[in-house]
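Assembly of the complex is requested from the two constituent chains, each provided in isolation within its own frame, with the hints serving as guidance.
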Amino acid sequence: MRNISSVLGRFAKSISVSLVLLFAVTMSSNAQDAKEGAALFKANCTACHKVDRKMTGPALAGMSERHSEEWLVKWIKNSGALIASGDPVANQIFEEWNKVAMPAFTQFSDDQIKGIIAYVKEEEAKAAAKSAGGDGAGSGAAASSDANTLMIIGVAAILLLAIGVIVILSRVIRTLEKVIANNAAAIEAAKARNEAHEESGKVKFAQKFLKNKKLVGFTALMVVALLAVLGWQTMWNVGVHTGYKPVQPIKFSHQVHAGVNQIDCQYCHGGAYKSKNASIPSANVCMNCHNTVTAADHYDGETSPEIMKLYRAVDWNPDTREYGNNPRPIEWVRIHNLPDFAYFNHSQHVSVAGLECQTCHGPIESMEEVYQYSPLTMKWCVDCHRTTEVNADNKYYDQLIEAHEKLKKGEKMTAAMIGGLECGKCHY
Amino acid sequence: MDSNKKYWKGLEELNQTPAFVKESKSEFAEPIPVEDVLNEAGLSTRTPRRDFLKALGFGLGAVTLAACNRTPVHKAVPYVIKPEEITPGIPNYYASSFNGQSILVKTREGRPIFIEPNPNGVGLTQGTDATTVASVLDLYDMSKLQNPQLDGKDVEWSKLDSTVIAALNKAAQAGKQIAIVSTTVNSPSTLASIAKLTDKYPTTSLVQVDAVSYSGIIEANKNSFGKAVVPSYNFGKAQVVVSVAADFLGSWLSGEEHSQDFIKNRDYKSLKNGKMSRHIQFESGLSMTGSNADVRIAIKPSEEGAVLISLYNEITGQSVAGGTTNAKAQTAIKLVAKELVASKGAAVVVAGANDVNIQSLVNAINTQLGAYGAIIDLDNYSKQYQGSDSTFQQFLTAAKGGQVGVALFLNSNPVYNYFNSADVEEAIKKVDFTLSFADRKDETASLLKAIAPVPNYLESWGDASAKEGVYTVVQPTINPIYNTRQAEQSFLVWAGETTNIYDFVRQNWETNILAGTGKSWKEVLQAGYISKATAAGSAYSANVDVASVAAAIVADAKKIAGEVELKLYESTTLRDGRYANNAYLQELPDPVSKVTWDNYAAINPKFAEQLGLGENGKVTVEANGKSIELPVVLQPGQAMGTVSVAVGYGRTSVGKAGDNVGKNAYPLASLINGTVQFAAKASVSKASGTYELAQTQTHHTIEGRNIIRETTFAKYQKDPNSESGRFADSHKTYDLWNKYEQPGHKWVMAIDLNACTGCGSCIVACNVENNIPVVGRDEVRRRREMHWLRIDRYYTIEENGNKYSKENDIANVQDFENVTVVHQPMLCQHCEHAPCETVCPVLATVHSSEGLNHMAYNRCFGTRYCANNCPYKVRRFNWFNYWNDSRFDNYLNNEFTQLVLNPDVTTRSRGVMEKCSMCIQRIQAGKLTAKMENRKLVDGDVKMACQAACSANAIIFGDANDPESEVSKALRNERVYYVLEEINVQPNIGYMTKVRNTFEA
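In order, the protein sequences belong to chains A and B.
Per our numbering, numbering of the first sequence is gapless, rising by one per residue and ending at 476.
Per our numbering, numbering of the second sequence is gapless, rising by one per residue and ending at 1009.
Chain B with its partners taken away, still in its complex shape (with noise of 0.2 Å):
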């Protein structure tokens, strides 16, 4: 049974824009011109004999010449002492940490080359984001400062030393303050050696602030509990979440984490169990958690605090003035309360405004959920974000002022992301002596006196503490490649002490963090993190003075109402700007608009008709007395009247990669009630000019083929096979090939699209383990993006109870707010009977006898016949020698960024079909250990690298002829469907539908 449901990958498709028409009929971006040279004049034009005599001999002799170098010799280097730990061609794993998740970082012969999540860690055991599987192209970054630097010039240490101590006994002779300005520093370690400064300097302070600032919930959960804390989330545990705009499997807060428990609820298992959440979002921009939901309602900024306030009312049945007028927000704001008070206990609601009033009233609400030591735990708090923005303020004041002698900025870089960046600069003027941490000459650190470079994570001894009680160590796994120095080390040196950072931090550990845990500090090394948290959070109810609090909501949405409003907001790939030099994450497609290399304006299609802007229109958006010019993307779901656009871009001294890539849209926000806040009252116009975007969804075209099977909860409950629409239980089959045998292993894949949030952190790990080139704006315009994974979004709309299913129908469509988005992640399905294999002339791509679609790049010479025969389009063709040309000098053409390549996956060349190839060099280390310890391949032996990087456990890949492993469990399911079946391709990779636990009316 087919769904009737429309699918489509863009509005181009969606509208059949001629453009789209014509591209979708080409394969190829640039067409060959065949036609040019066949036509009339091409047959006739006459190529004079002794022209043709002398191409074909300078051709023989080019050939011959270059023919003639002798091969290389290649010289064989081992080391004169060897660690006894290293085993050349043998990886190490070593347990560490980044951004207070526990992880195992890779190495080969000492670099590491990739990061994976511990498994048997605490917090996020299942999973990484995309900027910690990305973070290790950072280390071989070719933009970092080798040398710490003097007035913008490279200096000894020792010399750096003398005049930062000189200066900060200077700063405390005059009794100036010396400030630290920071991002939030979670670890013990630093603290501690900051300690050391303060001890020796008194007048020295700590300035947290982060770029994306959480101090509104700081200041809602000091007023409401006492507790100047963000709380940290168990969503494990709710059965009905209500997002207010916050973006919680994605860049809130710890969105992957979230992203595992949350989907602990949702996927195939708990399906299985005949269980599911529900999810409830509420918001303007179309958020990667939005495209996720079961029931998504688009709000303006402005009317953020209202529908809480009508929340609030509908669950307490008081009448508190300032509730939403929205006809939409409103019936689903009835039917959510109800859902909530219903599930007392297992409710809760988050909200991403960085407003103490909104966060005070989300916390009354949540003390009528009970949600507090069930779900929200502020015992076991975060300590992600501790920035304030009220602090950095009374700095800026301080430092204005004259009061402020020595400013040392550490991972801070507010001349770019602060919002007033010009108050900034005058601050840093007026300070004496100023020096920044930072590993480059970035936007601040390029205006201060001093850099006191730091290494990379993968260089350092440090550690870390995420959330209360949890402590997570990092330590190096390779020397210090640059003349660098840790900051905590630079501290004590400061400080006047003489011990080194591995032995302070050793101590600092043995003496105050694992004192009574009878664990040692070698144990710790070992396992990467210790836990002190409680089993769970006790019980608070919030105090707060709810009339007075939406009074406040009511009077600050005033400020940021009007016809137009904007929405800042951080990019699942970009996050806050930091990680902007990392090639992978600037190509990582956007989970919905699939932009990559940009940040745009997206407007709802509807209003941009309005304002007269099509497809590749460029806007000017005003906010704040500021405006910023940037590409407009058509946005479906985009609530009418807002304009979202993502921060983080724009950098403009980050390095090769991450310069002048977007527009920075932090000076778009404001300081709304002594907090930064991501919503303005804007002005959109249109500009002159156009911008084609390098969007990476409309390449390919579905025509209109059934590939997304999506249910509801409620069909599902009373049929798991329902919407499932698999064509064998309705066709018979005819087999023209012969069944391939696979005697030993049958390698399959189950990819569970209830589970899949489209985050794209298995995108960039598939990137990392298969060297998959980066290829730059210019060439994902020419649609030559390289990635062998792909995360395809599908929208379908649904108004007024009326499904969309005929493309004639969307011109009745009256606004396009009513979007649901389906997440598919799409790779080579290794068909067993795969149309690429059969039209290669040269059988560079042939099937094996474990079930897999081999490809063979050194026989392949790149007919492209396979890509066009692919009814899925996952080959993509190397145009370029992309790590050895100078015109993708972004990335890895230079030999020290060439040391994060694997060295077990060959680095493919120009004019070489490629594909996934089901990371076969992981299939095979795994089957090898197993001959070498004389056993059977155990299930689990082998895990994708985009396995192991997904949090939501989407992916599952095993062996099929065992029929106890778990994915053969999860193809039984009766939610599996394939892809394209009906072509009888037999791909090996199963999907299961789609399930939404909507309303039912």
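Just chain A, same shape as in the assembly (with noise of 0.2 Å):
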């Protein structure tokens, strides 16, 4: 019987490792192709789609299920030519979506498409997963309940031990209290002697300062001297907002467009290349991308609340992917703020000096809010002024001759130089 066990075993045992082996084996091969489409979905796939909900074009969750794999490649590879060919269910697929076309793919091998298949088969799994898991927002939402019981019972305990410490302290205050009763004579000895001591020191000490004209004189010139050098500079500073970062309605972070993704200035900002405004981009400009790009990645598959914002301000429902008809305009609060009787034009700045945004706004690339980097004052425009260069490549600038027989003879021509710093330039 042994035997007959240990060869069953022994049997069994080949067997479950080879076939512990051939999963391991396909598993791997599936895991290789996975990895490789992952990186070509991203890549390729997700300006248009998404495995779990509606984009431009079709959630693919169940796809693998709708249609077989060599169907799918002849359609990834060139959906066209598929409907071309008058294939039933292509033709449905594309009058279901407006006859928008996908674009071919003919670059891709077929592996690599299987490769993307399977990856959004893993993905479809993990996310099936996460919802039997979740089983819905069900346990989720018990999870949290739990989470808050434990958080009333964690406050509970440190209620109770706070009170086991007061009663402890007051113990030993009571304690050292009958100490201090007892010994009460010593103490007021000790005291008095004390004091006596230093009394003396303190009282020599002022007395000698008092006698020293020269250095009362002195230290009160000092006294002076701070209370003016702090006044001086606490009123050039009233009106003046260096680093005011006010709460926006939106919490918009420059880092993560213009740092991160390096979104040009001038995609939102456009106005500060041709008029006086910079003007902070409409809402549509947001929605050039956001319609998409929804930040889901780093809220658990759901929309960014920030994003969320957006969507509610152009009234734009991102489940039917329709725009309502009731928006509301986002009033963000301005930062930099000028006074009315100042003249400050960005284009001039911007597009005919050729400066360059982080000279004034400092590096907004990295604010995750921004905030007011330069003083704004009119100290601060002039001294630019009267450094800065004039880019006198400039065809208008031909017209200042004399300044540019200075240029000719290695002056540098600067802002200040052609009227830069005349009151009427700003101030009209």
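I should point out that these hints are in silico values taken from the structure, not numbers from a laboratory.
None of the values given here were measured: they were computed from a predicted structure.
For glycine and all other residues, C-beta sits at the position ideal for the given N, C-alpha and C.
Some clues are possibly wrong.
Pairs of lysine-lysine, DSSO-like flavour, derived with a Cα cap of 30 Å [to be verified]: (1) 443(A) with 951(B); (2) 427(A) with 935(B); (3) 443(A) with 747(B); (4) 427(A) with 747(B); (5) 944(B) with 322(A); (6) 83(B) with 427(A); (7) 90(B) with 322(A); (8) 293(A) with 90(B); (9) 280(B) with 245(B); (10) 322(A) with 530(B); (11) 272(B) with 540(B); (12) 438(B) with 634(B); (13) 283(B) with 726(B); (14) 634(B) with 357(A); (15) 944(B) with 460(A); (16) 438(B) with 204(B); (17) 90(B) with 102(A); (18) 460(A) with 322(A); (19) 114(B) with 322(A); (20) 460(A) with 935(B).
Counterexamples of contact, computed for chain B against chain A with all Cβ distances above 12 Å [stated by the list, open to error]: (21) 130; (22) 161; (23) 174; (24) 200.
See below:
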């Protein structure tokens, strides 16, 4: 019996080992495909597709069930050709999606496409697991309510602990008081000795100090000077709001947009290049990207709550992908406030002088929340006008013959030299 | 060489009245009470220490508390979906039209803020009149209705529509008339929409009536040529113009277009070619046109016909009875007739009277002069005034007889502006259903059952056809702000049509106007107009029975002849009164009298003396059984025995700015010969009390300085330098100051005194462009008007060939009829050695490297030293925050009207000095555009607001460093002189001498 069992056991072992090996091999090959597929998917498909929801194209989840792999490969490679060939399914999808043709990907090999399909399957499985694991929002909610009870218990425990500590401390105080009461006489004596000693020291110092009139005078002078400097600085900074960082209605991050994603300033603030106002982009500019970019990766597959605020502003329903007719403009809080009597024109500085935005606005590409970087005082403007060289290549300046002659002599032509410090340049 | 002519700004200066002398010595109307404080009593007053400490403590505490408020949080709200064509901060221009003139509307972030002429348009392309520039303010008028009204209550449009349709049906069933009472309608789409209504309700008729009627001309042309139209005039071809009481440069027909053409024969370019037209004016009141005439003869209104009869006789050699007996007129007519005959084909006679016989006679004269086809165009006739007094008469009769079922009033306010408003009111009562399309509850609308308010033209789709064959488009520049609906849309709705107004206008253009022209609707929207007019009108010959016409003229003249005669006229600023709620226009000084915010009885000073009237007096003017009490203006140049009163004032329900300003003079008119006539036999009697008019002119004195240079054309032809009196020609000058270097630009201006007619549209344009506040009548009386640009009017007197050059001689003047006038626009001269700059203790006003005198408002703290030291008196001080002060409630004191402000110009605060900045925002914008386009600044890139509004091209602006610029060329002219050149402040604005083409003995 033992032999039999051992034989059987060995047999079973070998089988299982081989099975496991086999499985592992297939798994790894699958995983390999899916990994490549993931890269391809992210590079080529995400602009129009998501696994779990509709975008420009249909949601991809379940596509392997709906269509054969062979069909999918054909479709992905060249959907147009498939439609043209009269394939009924292809035509049906084409009609269903308002005849928006999916671009052909003839550069992909069949294996690469299969890899993409594998990746989609994997993602699908993950999504299913997640929803199964959570079994809908219920378990999530349960978990969160658990968390809540845990917190309540924790708070209660801390409270109890605190009460305990208070009780113990009061006991200690009481014992110490008793000790003091017992040794009151000795303490008094010691105190008196100490005080006499200290007092005489302080008084001596004060007396010496007051006798030295020069020192008194010097100290007084120093105090006055200190106060004056402090006062001067405070006065200078009245109305200067460097570092002003108001809370904005949407936590818009320049760091993500201009920094990480390297979006050109001009894409949103086009006004800075042609107008006096840099202009905050209208919400439709945001929607150019954000009708697909939902930052769901960072929010467990949900649309970012900040982007939801944008959707609310333009009255866009991300599920039906339709605009409503009740838009509400976003009321941003203005950060850079120039007084009414100062005229500033962005285009003069950005387009004509060729300044970088960062010169005045600071490291905007690394600002999570924008704050006022420059003081925006007249001194600040004037200092820059004094030192900044004028871009004399501009044909407009050909008229400034005088200035040009100076240029020839090798002097540099600053904004100040051509009237950049005159009152009427900014105040009218 | 100095001119020996004596000029004076007003009678006060001439007569050196004690009040004037006293006021001229003090800088401000209300003296600072320095003496009261520094006299013995004031100095010995003891301020108790405790009181002092209390005041000090309170002051300190109050200032600290006031300083403690936090910086307000500013919101920046971008568009949700930004329209593609809008870039915040950059203006958009839209072609539209106002009163038939093709204009460009400047909008910023979707709100209209300025009106400019369309330089590529047709007709008037080089300027706008004051009402056009000011019209942008009407859009933001708070007095407009926000909803349709039925029986004085706001209702929904649907409710109004059902009521109107029921009334229309009822009238149609009863066979009663449906009348649309309107001012002239020349808009093709309005006419088309009325046609739709007429299709549905065949008893509908259009009754056109104008407050200032031209039906005399229409009737006369019907009789003379069989064409019942008002012709259009091309004064550009006229070398001799005789006007009998027609203010053809001002309010008569299209004055501004006439100015543009007329001045082309008189401005510096024409003079350079040795050409100048001659203009002779016969009139009773001194009109703006009369003030520009080469020769002006004062006549009584009843003599107008007689003058024309004499002129006809002189020209034709006939002797029709009824010629004038006025000796001065007779001599002038003899000379004039010779001139006219000599320049046949380039001579024209115009008459202002709304009388069919006078106009028939004028037609006969013009036929003799060959003016038809050359100057007067009956083919491309004017369609601006088609109103018929007789049609309106018939309407009133029918209405009173109960034959009118529905009366719809479109742009029409006869209760206010018809001479017999009682008749109109009675007629209205007899009509079953009445409705007005007024945008406010005006005098007529408030008596009617319903009001269907129309939006402003800047919110509307539409069109106009001011001349036959010329069509201009009206396109909206902003969405309708209130719950209003265009009258055309209402007509369509009531006719059962569902087309919206845009489609209707477009379809009407595409089928009726654009067909066959090869132009598309979009091209028209961009260009703003389309012209299908023929190149020139053909010649016509008037068929007039002169003898019978003259007899009728003589008979009619007797009706208005009297010891005192009244002449009503349309003022250049306020016109017929429909713009009365426009504060810019109310504060625009009259070109001649310089009165703001009122109308008045203009009387010759000598005549006033006879009546025992003086300055600030009041009179009762009585004519045609009605009388009004008015303040008096002693008007030199006014014919003896006449009194002139402007219509268009005295509105009672137009809005905050215009209510009860002046008196309504329309009731003094009368119906003679089937037309409403503005002349009447009158009586004038002194009324009790005094009234101080808000005049701007006498606020400064010229202290007898020689600042006007005038010559005659004959002298000019001999020597172009004549009378220019340049100081530098005869004196060596020394400079105490360093010369400013202007390497880039040097902005200068040339002003042609011969082109300036004094109309004042530049003043309004300057106000709108530079956010200049309107201060109101009381503040003008205190000499606190804020105008950066003013037009000074100077009188000189000539009588019987004697020039009165000394003040003492003036007493010998028999009458003040022979007065000549020079208009001089006066603004900051941007002196190189500016006296204001040297006295400013805080360097708030400094010189720029482009030759401008900058004013930094935020630096100014209001010592007013600069104003004191300014030889030209062009600096104005802000006594209040006019745009945010409840005491100035007639203007900008609300958020809605503040939308008219130019966002590129600061609104100045109280306590700050201001003055002409030479539209520095426009200069900077022009430079920036050039830089952005990587090119040089070209002459003409930068235009001043005043320059853009000037139809006479009297203001030339540009860069003196560019020798080829128009202004450089103009300033090289021999006529150029600089005002107060002798004090060596080196102004940057050059003036060109006034040249008068007088008869040389």
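Check your understanding: Are all C-beta atoms of chain A more than 12 Å from that of residue 130(B)?
Key -> Correct as stated: the minimum Cβ-Cβ distance to chain A is 32 Å, above 12 Å.
Exercise for review: Would you check the hint for residue 460(A) and residue 935(B), treating anything up to 30 Å between C-alpha atoms as holding?
Suggested key: 21 Å, holds
Practice item. Say whether it holds or is violated: residue 161(B) keeps its Cβ farther than 12 Å from all Cβ of chain A. Key: Since the minimum Cβ distance to chain A is about 31 Å, residue 161(B) lies beyond 12 Å and the statement holds.
**Study point:** Pair hint outcome, residue 272(B) versus residue 540(B) [Cα-Cα no greater than 30 Å]
**Key:** Answer holds: residue 272(B) to residue 540(B) is near 24 Å, not above 30 Å.
Point to revise | Proposed proximity, residue 322(A) with residue 90(B) (alpha carbon, max 30 Å) | key: With a Cα-Cα distance of about 16 Å, the restraint between residue 90(B) and residue 322(A) holds, given a limit of 30 Å.
Check your understanding: Does residue 293(A) pair with residue 90(B) here, judged by a C-alpha cut-off of 30 Å?
Key -> Since the Cα atoms of residue 293(A) and residue 90(B) sit roughly 26 Å apart, the hinted pair holds (cutoff 30 Å).
Check your understanding: Are all beta-carbon distances from residue 174(B) to chain A longer than 12 Å?
Key -> 34 Å, holds
Review point. With d taken as the least Cβ-Cβ distance between residue 200(B) and chain A, does d exceed 12 Å?
Key: The claim holds: residue 200(B) sits with its nearest Cβ about 33 Å from chain A, beyond 12 Å.
Check your understanding: Taking only the CA atoms, is the gap from residue 443(A) to residue 951(B) under or equal to 30 Å?
Key -> 21 Å, holds
Review point. Does the structure keep residue 634(B) and residue 357(A) at a Cα separation of 30 Å or less?
Key: Violated - the C-alpha atoms of residue 357(A) and residue 634(B) are around 70 Å apart, more than 30 Å.
Review point. Residue 438(B) and residue 634(B): Cα distance at most 30 Å?
Key: 25 Å, holds
Review point. Holds or violated: are the alpha carbons of residue 280(B) and residue 245(B) at most 30 Å from each other?
Key: Cα-Cα ~17 Å, so holds.
Violated hint: 14 only; the structure is consistent with all others.
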